[in-house]
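Peer 1: One-letter residues, chain by chain:
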Amino acid sequence: MREPATDVVVVGAGIVGAACAYYATRAGLSVTVIDRGAAGAGTTSRGEGNILVSDKGPGPELDLALLSRRLWLEVADDLGADRLELERKGGLVVATSPEAVGELHRFTAAQRSEGVDAAVVPPEALRDHEPHLAADLPGGVHYPQDLQVQPVVAAAALLGAARRLGARWEPGVEVTGVEHHAEAVSAVLAGGRRFPTRAVVNAAGTWGGEVATRLGGPVPVLPRRGFVLVTEPLPRVVRHKVYSADYVSNVASDDAGLETSAVIEGTQGGTVLIGASRERVGFDQSLSPTVVRRLAAQAVRLFPFLADVALMRVYRGFRPYCPDHLPVIGADRRVSGLFHACGHEGAGIGLAPATGLLVSQLLTGTAPALDPGPFEPTRFEEVT
Amino acid sequence: MTQEPQAPPGSTFTFDGRPVPFVDGQSVGAALTAVGVRSWRTTRFEGRPRGLFCGIGVCFDCLVVADGRPNHRACLLLATHGLAVTSQEGTGHDDLAI
Numbered sequence: 388m389r390e391p392a393t394d395v396v397v398v399g400a401g402i403v404g405a406a407c408a409y410y411a412t413r414a415g416l417s418v419t420v421i422d423r424g425a426a427g428a429g430t431t432s433r434g435e436g437n438i439l440v441s442d443k444g445p446g447p448e449l450d451l452a453l454l455s456r457r458l459w460l461e462v463a464d465d466l467g468a469d470r471l472e473l474e475r476k477g478g479l480v481v482a483t484s485p486e487a488v489g490e491l492h493r494f495t496a497a498q499r500s501e502g503v504d505a506a507v508v509p510p511e512a513l514r515d516h517e518p519h520l521a522a523d524l525p526g527g528v529h530y531p532q533d534l535q536v537q538p539v540v541a542a543a544a545l546l547g548a549a550r551r552l553g554a555r556w557e558p559g560v561e562v563t564g565v566e567h568h569a570e571a572v573s574a575v576l577a578g579g580r581r582f583p584t585r586a587v588v589n590a591a592g593t594w595g596g597e598v599a600t601r602l603g604g605p606v607p608v609l610p611r612r613g614f615v616l617v618t619e620p621l622p623r624v625v626r627h628k629v630y631s632a633d634y635v636s637n638v639a640s641d642d643a644g645l646e647t648s649a650v651i652e653g654t655q656g657g658t659v660l661i662g663a664s665r666e667r668v669g670f671d672q673s674l675s676p677t678v679v680r681r682l683a684a685q686a687v688r689l690f691p692f693l694a695d696v697a698l699m700r701v702y703r704g705f706r707p708y709c710p711d712h713l714p715v716i717g718a719d720r721r722v723s724g725l726f727h728a729c730g731h732e733g734a735g736i737g738l739a740p741a742t743g744l745l746v747s748q749l750l751t752g753t754a755p756a757l758d759p760g761p762f763e764p765t766r767f768e769e770v771t
Numbered sequence: 005m006t007q008e009p010q011a012p013p014g015s016t017f018t019f020d021g022r023p024v025p026f027v028d029g030q031s032v033g034a035a036l037t038a039v040g041v042r043s044w045r046t047t048r049f050e051g052r053p054r055g056l057f058c059g060i061g062v063c064f065d066c067l068v069v070a071d072g073r074p075n076h077r078a079c080l081l082l083a084t085h086g087l088a089v090t091s092q093e094g095t096g097h098d099d100l101a102i
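So the protein lines, in turn, are chains A and B.
Using the working numbering, the first residue of the first sequence is number 388, and each one after it goes up by one.
Using the working numbering, the first residue of the second sequence is number 5, and each one after it goes up by one.
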């Protein structure tokens, strides 16, 4: 069967691919989305759905996050906040040592100058925000801009909106390569089929490195494993996303070994989610009791009541990690018609709309909403 | 040959204060059903009655409080003499609500 030609084929129906399809169709492009599996079934389904500005210091990722947060609120206006399970819950970052308080306050001051809304919370006021917090924590910062969505539901909503604007959705189709004509992409080959197009977007998340190679423009995206513990359902016990100030330095670390820091939040379903661990172990799926034990102990340090709460299950996922912790977003100057939109590490849900908007602007040749230079896909290549 | 300890005849646990007899090796869920108790918890959002559904440790429908601790699956919980079983309302953790 001959597939109809579309302006762009998006490879990957996770949150980023869905956002690319959403903005591209709104910009008037015809779009085909393919995925080897179901929508939102990869890393999108393995996190907590956070849209955070609190964990980012000044720099290109914070600029992207601030833009993307505004866009999430626009998406909520367009599609309905309840269709994304969007919650304006805010973040509460807590220090666990007196030294960490000073460091956190310096970090916060730098964020404020970039437009992040952050209020220092003295130790005696911490439990006004979170009544179950340990009594001896030395201080924290409240970030009212942090949001949360249910990521799989949100990806489906974005993809659904794109389909209503004419996007084609082809699940269960794995990309194998591209065809070129006159030195530009002319078709995507996937699942034994040929999808004629003049552009292809690599939105394959953690598998973006492999997909990039198949599309002829390699980018260094590697998996960084993380576990999330899930408690038995509880009444509302945690209001914000609450995390230890150590989390920020762990995210920025280049260490391949195990790093953990407490990240705790409630869900609308009643379970409490406990993260976050980071380790570079390839795509190893095995359960690590060491990680589970450490995450549980760190969570109990912040919320002592959790010691008497049962864990129901543990899930794991692989964050798409680039060597400089920034995503790859933009045209691949080695292959005309190839664009990348992957490598968002643990921030893909939050950064998805800004990524989708940038990609659609690059596809249509309109002025980008912010400078995509820092996310240039070939920045890792040796200068020759 | 070693033998598993047998529950002596006349063993009971309590359900909301009433004695419930059981035979050795029986689950709390089976023993409750045998004396005609078919529901022992309410759902979290709508307060609907629930008891055994799958009966084999898969579905989490038959939750019950045992010795003060909620969210035991009655179908997997071995009946023991003197165990204090009580019905569960919602999450069973209302005391933690903020």
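None of these hints come from the bench; they were simulated from the model.
Some clues are possibly wrong.
Sample of chain A residues at the chain B side, in silico, Cβ under 8 Å [to be verified]:
#1 P518
#2 H519
#3 E619
#4 P620
#5 L621
#6 P622
#7 R623
#8 V624
#9 G657
#10 F692
#11 A697
The C-beta atom is built at its ideal place from N, Cα and C for all residues, glycine as well.
Peer 1: Would you mind marking each hint as holding or not holding in the structure?
Peer 2: Hints versus structure:
Interface hint status for P518(A): upheld, as the beta-carbon distance to the closest one in chain B is roughly 5 Å, under 8 Å. The interface hint given for H519(A) holds, since its Cβ lies 7 Å from the closest Cβ of chain B, which is under the 8 Å cut-off. Contact between E619(A) and chain B, as hinted, is supported at the beta carbon level, the nearest pair being about 5 Å apart and thus within 8 Å. Checking P620(A) against chain B by beta carbon gives a least distance of about 5 Å; that is within 8 Å, so the hint holds.
Checking L621(A) against chain B: minimum C-beta separation of about 5 Å stays under 8 Å; hint holds. Interface restraint check for P622(A): the shortest CB-CB distance to chain B comes to about 4 Å, inside 8 Å, so the restraint holds. The closest approach between the C-beta of R623(A) and any C-beta of chain B is roughly 6 Å, which is under the 8 Å cut-off, so the hint is satisfied. Of the supplied interface hints, the one on V624(A) holds, with its beta-carbon coming within about 5 Å of a beta-carbon of chain B, less than 8 Å.
Against a cut-off of 8 Å between C-beta atoms, the interface hint on G657(A) holds, since the closest Cβ of chain B lies about 6 Å away. Interface hint status for F692(A): upheld, as the beta-carbon distance to the closest one in chain B is roughly 6 Å, under 8 Å. Satisfaction of the interface hint for A697(A) is found here, the shortest Cβ-Cβ separation to chain B being roughly 6 Å, below the 8 Å cut-off.
Violated hints for the displayed structure: none, as all numbered hints are satisfied.
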